[in-house]
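Going line by line, the protein sequences match chains B and Z. If you're matching positions, the first sequence starts at 1 in our numbering and goes up one per residue. If you're matching positions, the second sequence starts at 1001 in our numbering and goes up one per residue.
Check the hints yourself; a few may be wrong.
[As the list claims (entries may be wrong)] With a straight-line Cα cutoff of 25 Å, these simulated BS3-like cross-link-like pairs (lysine-lysine) come out:
| # | chain 1 | residue 1 | chain 2 | residue 2 |
| --- | --- | --- | --- | --- |
| 1 | B | K66 | B | K184 |
| 2 | Z | K1214 | B | K10 |
| 3 | B | K160 | Z | K1367 |
| 4 | Z | K1522 | B | K24 |
| 5 | B | K60 | B | K32 |
| 6 | Z | K1225 | B | K66 |
| 7 | B | K126 | Z | K1367 |
| 8 | Z | K1191 | Z | K1202 |
| 9 | B | K32 | Z | K1225 |
| 10 | B | K24 | Z | K1205 |
| 11 | Z | K1223 | B | K184 |
| 12 | B | K60 | Z | K1367 |
| 13 | Z | K1214 | B | K184 |
| 14 | B | K32 | Z | K1576 |
| 15 | Z | K1522 | Z | K1576 |
| 16 | B | K78 | B | K52 |
| 17 | Z | K1205 | B | K10 |
[Said to hold, decoys possible] Far from chain B, some chain Z residues (derived; all Cβ distances over 12 Å):
| # | residue |
| --- | --- |
| 18 | L1590 |
| 19 | W1607 |
| 20 | T1769 |
[Unchecked claim] Listing some non-contacts, in silico: residues in chain B with all C-beta distances to chain Z over 12 Å:
| # | residue |
| --- | --- |
| 21 | E36 |
| 22 | L37 |
| 23 | P49 |
| 24 | M50 |
| 25 | E51 |
| 26 | K52 |
| 27 | K66 |
| 28 | M145 |
Just so you know, the hints here were simulated from the structure itself, not pulled from any lab data. Ideal Cβ positions, reconstructed from N, Cα and C, are used throughout, including at glycine.
If you want the building blocks of each chain, they are given just below.
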Amino acid sequence: MGTTASQLGKDLLSEYQELTFLTKQEILLAHKRFSELLSKEDRNLTSVPMEKVLSLPELKSNPFRKRICHVFSTSDMKDGSLTFEDFLDLLSAFSDSATLEIKSHYAFRIFDFDDDGTLDGGDLEKLVNCLTGETEDSRLTPEEMRQLISNILEESDIDKDGTVNLSEFQHVISRSPDFVSSFKIVL
Amino acid sequence: MPSQKKNDIAIRMEDVGIEIDGELDSGSEDEARRRDRNRKAKASPRAGGRNGKPATSEDEEEEEDQDEAPRKRARKKKASAQDSEEEEEEDDRSVKRKGTKAAGRKKKAVEEESEESEEEERGKKKKGRKVTNKKQKDEQNKEKKGDAKGKGGKDKGNVKDKKNKNGKYSRECQAFVEKFEGALGKGKGRKLYAYKVMMAKKMIKFNRDFDNFKTACIPWERKIKEVESHFGSSVASYFIFLRWMYGLNLVLFAFMFGLVVLPEVMMGLPYGSIARKTVPRAEQERAMDISVLLDFGGYCKYSILFYGFYNDERTIGVLQFRLPLSYLLVGVGIFGYSLMVVIRTMARNSDEGGDGGDDGQFTFAFKMFTSWDYLIGNPETADNKYASITTSFKESIVDEQENQKDENIHLRRFLRVLANFLILCSLGGSGFLIYFVVKRSQEFANLDQDELSWFEKNEVEFVMSLLGLVCPPLFETIAELEEYHPRIALKWQLGRIFALFLGNLYTFLFALFDEVNAKLEKEKSIRNATIWGLNEYYSNYSSYHNTTDIPPPDIHPADVIRGPCWETAVGIEFVKLTVSDIQVTYMTILIGDFLRAMIVRFLNYCWCWDLEAGFPSYGEFDISGNVLGLIFNQGMIWMGAFYAPGLVGLNVLRLLTSMYYQSWAVMSCNVPHERVFKASKSNNFYMGLLLLVLFLSLLPVVYTIMTLPPSFDCGPFSGREQMYNVVMETIENDLPAFIGNIFTYATNPGLILPAVLLMVLAIYYLNATSKNYQNANLELKKKMQMARDEEKNRRNNKENTNQVMQDLEDLLPNRSLLPPAAEEENPPPDKVREKGSKSPKVAKRPGAAANGKGVNLQNDVSLAAPNPKAAVTHPPGPRGLSGNARGPPPGPVRGRGRGTPPPRH
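From just these sequences and the hints, can you work out the full model?
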């Protein structure tokens, strides 16, 4: 796509600025970081495989890193690889100036592990497991998990269909005082 | 797509000059998906069409527009047959969604335009059919509504509205054509339009550049972002607070330096010209000794840094600068400015806070959905975060379980009382200790300086810093007894440390005032002696030379007898305190964090247990302690600035260095603490503390200005009864008489009392109105809740109704209360029956359940249950439909999932 050239064109840069929430400096930095991810031999590739993206320190310790890649990837193979534009897209959604609506939308898609458009019990369970870490001792017991999920559904499942859909999710998120400040990734 | 092409396109886009989002002309599945996302992400114009491709397509479409505008219009009016209807329906849906995305009028028009061009393409038989297919697929992807809905059903649902819709469409088309007439037309209008668009583009570009510039101008943005990305937003909040404080102090410094220090340096008398600007003869030998200078004695004491250096001449220099007046006004103005800034920031913060009204409503959901801080980029931090999230989950589960049973409340109460008692004891003890030490230091001050050890000289500062170091952990230990929830415990802890600092500060102040009073006594006697000496000199001189024309006594300024100048002494105390505070803070970081980190890191290779994970481990960044330290330091600056104008400059330096020093220390040797509390919530808490400190530091300064007499031989107010007399003098001498009159009337109690009364009334009134607003807010919230509940019930009740109703609702969300009979088309007979039986069914649901119809049974039971929590474990409906609620209407899931209702006879 030509975007992996060492220098971004001026027009392209201004276009990106127009189309994302990022400033010029941020786009340039993003481009630099993205180019670094592409090693010498696959310079001609347009997208970076997921493993490489995950090696970014900003994403490395994020429990949702794989989900993030999958959500923002536009690749056909569903392998979570990101093109530069996907990457910018990611950074834009996670930037300071993105609106609550955009952020909550992407958060919903990240949390929706099975991509079925709602957060059902399985999604919530996976979500809790992501949040409590990989180690066994920090996991919740099944009993606790059941209680937790039922509590969450009781709070946020407005139409009582046993799942949390996007509008319910956004309703909850819009009340949260810290979501916008914590749903950020800065290179 | 090669960049060359993209550049071309970008240029062409400039030419055409509409930055709008359009549809794709070439459609791989991939791109369709991307476009779909595009549209969703478009809550603001900047977000729209985030990459080049949509712009491209839009561009091309735009060209087509220009070419074929007449044709298009013609076609629009024709409103062609079957397939266009179908398409319009699609359009309608997408437009509606768009509307909900708050894309605004223009966006709608834009969307409309893209649809048109799409239509056009179809007309041209280019890729039209393909695109439409793509689009439909796209819709399906997005909505995931699947085929269960059925094309037929959809059409039927819409037949009724078709005419309306056509009308609406032509209206929208017209509006669009009017708006973009210039671009579509030829000649003059087009030029004007192009010019307008160009200007708009330029404006946008300028704004963007300006934004870039602004971001580049914010100091330490990168540094703070870096810290933020490693430690999460709470640690960064400290640095943001530090930066804010730095900005505030910079302004204060500008005031102080520009209006007081600089004029005195430029236009005032130089060093050594008069007594107050000269080191006394007795001290001159040691005036340059480093130990004396470090105590701010010697040349430091008689320098521009302190109050005593300033001359009391009414005006100085060619500019007739009124230095004493300026000194007083700046001293008071610093408080005024700080007060204003703090209150404004608080108001803004609380604005941003939004409605914190329903905090308790979503405790679990917040923990679940918003607790992860995506900025964390450090594995250790992430581990800590995992641990803290797990703990908070477990805690809240336990809380929930223990909400009912609260055993042994007496023991807990007793423990809490005990803890508070202990803490009060230690607070009192620390207060007494400081008072004792300050008293002792006054005794030491009367002794010979040479006999005192370093410790004895710096006892006060040492003890205060030590208390600040020891007490907070002690409080934390005691607070363990109380078993409060961590967040409440944190508040208590902050409050207690605050009380400790405040107590210490005020004890220090009272001791200082004792000292000041002693100095005032001493000064009085010296003053009398000086006056007596002068009189002696005059009488001797006149009797000796037998003349009345007496020259002033020829004494070298260094030999003049002088008073103790209590203002400078107070200033020195504050400066010393600040400096020792800086030293202790920096040393704590160096030893407590850096050295510890070094030891832990390098001794770990040869130690018997794991130092990193075990006992010493790495230090945590103590946000609350640091913030409180910063706040109290600022309080000291506010108090001391009047007596030591140089203190503000010192503080600016301190903040500057600690910005770099602390961010380095955090990045290199700290791990963030486990118990993370969110920054945004406590921000105003800090501001409130700052405001309190500001008020408390205002008190002593105002007290001294209003009541204590200034020293007779040093400082800008010497020779006056009171400091504020400077203002009176200016009013009397320099301003026209009527202003003086006005001032006299204004200070009349007869006027002040009504003014105060008026203010009280205003406060009362505003308070009452705000209460009313609050009530109204609550009412509205209640209403919203009720409406939501109603909606919920309605949806639940309607689970079993037919698809037609569902579809109607989807399409007409605002008319969803339409009675079913309003439908004109003829649905298939089974659906009619279903519809007809709707209302009775709601009434006798249990009966229906009793009929026992397989899947229906479970459904009904779960609906009839008062608490439908059981739905959690409910498996997806038989036909699953792979999740249906992505669209606007939150899903009547099972109802639609079942497809055809069970036969009923």
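Comparing the hints with the structure gives:
1. At roughly 16 Å between alpha-carbon atoms, K66 of chain B and K184 of chain B fall within 25 Å of each other, so this suggested pair holds.
2. The hinted pair formed by K1214 of chain Z and K10 of chain B meets the criterion: a straight-line CA distance of about 20 Å does not exceed 25 Å.
3. Of the pairs offered as hints, the one joining K160 of chain B and K1367 of chain Z holds, with about 20 Å between alpha carbons and a cut-off of 25 Å not exceeded.
4. Distance check on the hinted pair: K1522 of chain Z and K24 of chain B sit about 66 Å apart at the alpha-carbon level, beyond 25 Å; violated.
5. Using a Cα cut-off of 25 Å, the hinted pair K60 of chain B and K32 of chain B holds, with the two alpha carbons roughly 18 Å apart.
6. At most 25 Å may separate the alpha-carbon atoms for a hinted pair to count; K1225 of chain Z and K66 of chain B meet this at roughly 23 Å.
7. The straight-line distance between the Cα atoms of K126 of chain B and K1367 of chain Z is roughly 14 Å, inside the 25 Å bound, and the hint therefore holds.
8. A distance of roughly 16 Å separates the Cα atoms of K1191 of chain Z and K1202 of chain Z; the hinted pair therefore holds under the 25 Å criterion.
9. For the hint linking K32 of chain B to K1225 of chain Z, the alpha-carbon distance of about 18 Å falls within 25 Å, and the restraint holds.
10. The straight-line distance between the Cα atoms of K24 of chain B and K1205 of chain Z is roughly 12 Å, inside the 25 Å bound, and the hint therefore holds.
11. For the proposed pair K1223 of chain Z and K184 of chain B, the alpha carbon gap of about 16 Å is at most 25 Å, so the pair holds.
12. At roughly 22 Å between alpha-carbon atoms, K60 of chain B and K1367 of chain Z fall within 25 Å of each other, so this suggested pair holds.
13. With a CA separation close to 20 Å, the supplied pair K1214 of chain Z and K184 of chain B stays within the 25 Å bound.
14. About 49 Å separates the Cα atoms of K32 of chain B and K1576 of chain Z, which puts this hinted pair outside 25 Å; it is violated.
15. The suggested pairing of K1522 of chain Z with K1576 of chain Z holds, with an alpha-carbon distance near 23 Å, which does not exceed 25 Å.
16. For the hint pairing K78 of chain B with K52 of chain B, the CA-to-CA distance comes to about 15 Å; that is within 25 Å, so the pair holds.
17. With a C-alpha separation of about 13 Å, the suggested pairing of K1205 of chain Z with K10 of chain B holds against the 25 Å cut-off.
18. Taking the minimum C-beta to C-beta distance to chain B, about 27 Å, the non-interface status of L1590 of chain Z holds against the 12 Å cut.
19. W1607 of chain Z, annotated as away from the interface, keeps every beta carbon of chain B farther than 12 Å; the closest lies near 24 Å.
20. The non-interface label for T1769 of chain Z is consistent with chain B: the shortest C-beta to C-beta separation is roughly 26 Å, beyond 12 Å.
21. At the 12 Å boundary, the C-beta of E36 of chain B stays outside the reach of chain Z, the nearest C-beta of that chain being 16 Å off.
22. Listed as a non-interface residue, L37 of chain B keeps its Cβ farther than 12 Å from every Cβ of chain Z; the least gap is roughly 16 Å.
23. Look at P49 of chain B: its CB is around 17 Å from the nearest CB on chain Z, clear of 12 Å, so calling it non-interface holds up.
24. With a minimum CB-CB distance of about 17 Å to chain Z, M50 of chain B clears the 12 Å threshold, and the non-interface call stands.
25. Listed as a non-interface residue, E51 of chain B keeps its Cβ farther than 12 Å from every Cβ of chain Z; the least gap is roughly 17 Å.
26. The claim that K52 of chain B is not at the interface with chain Z holds, since no C-beta of that chain comes within 12 Å of its own (minimum 16 Å).
27. Listed as outside the interface, K66 of chain B is consistent with that label: its C-beta sits roughly 14 Å from the nearest C-beta of chain Z, beyond the 12 Å cut-off.
28. Some Cβ of chain Z comes within 12 Å of the Cβ of M145 of chain B; the nearest lies about 9 Å off, and the non-interface call is violated.
Going down the numbered hints, you'll see the structure goes against 4, 14, 28, while the others check out.
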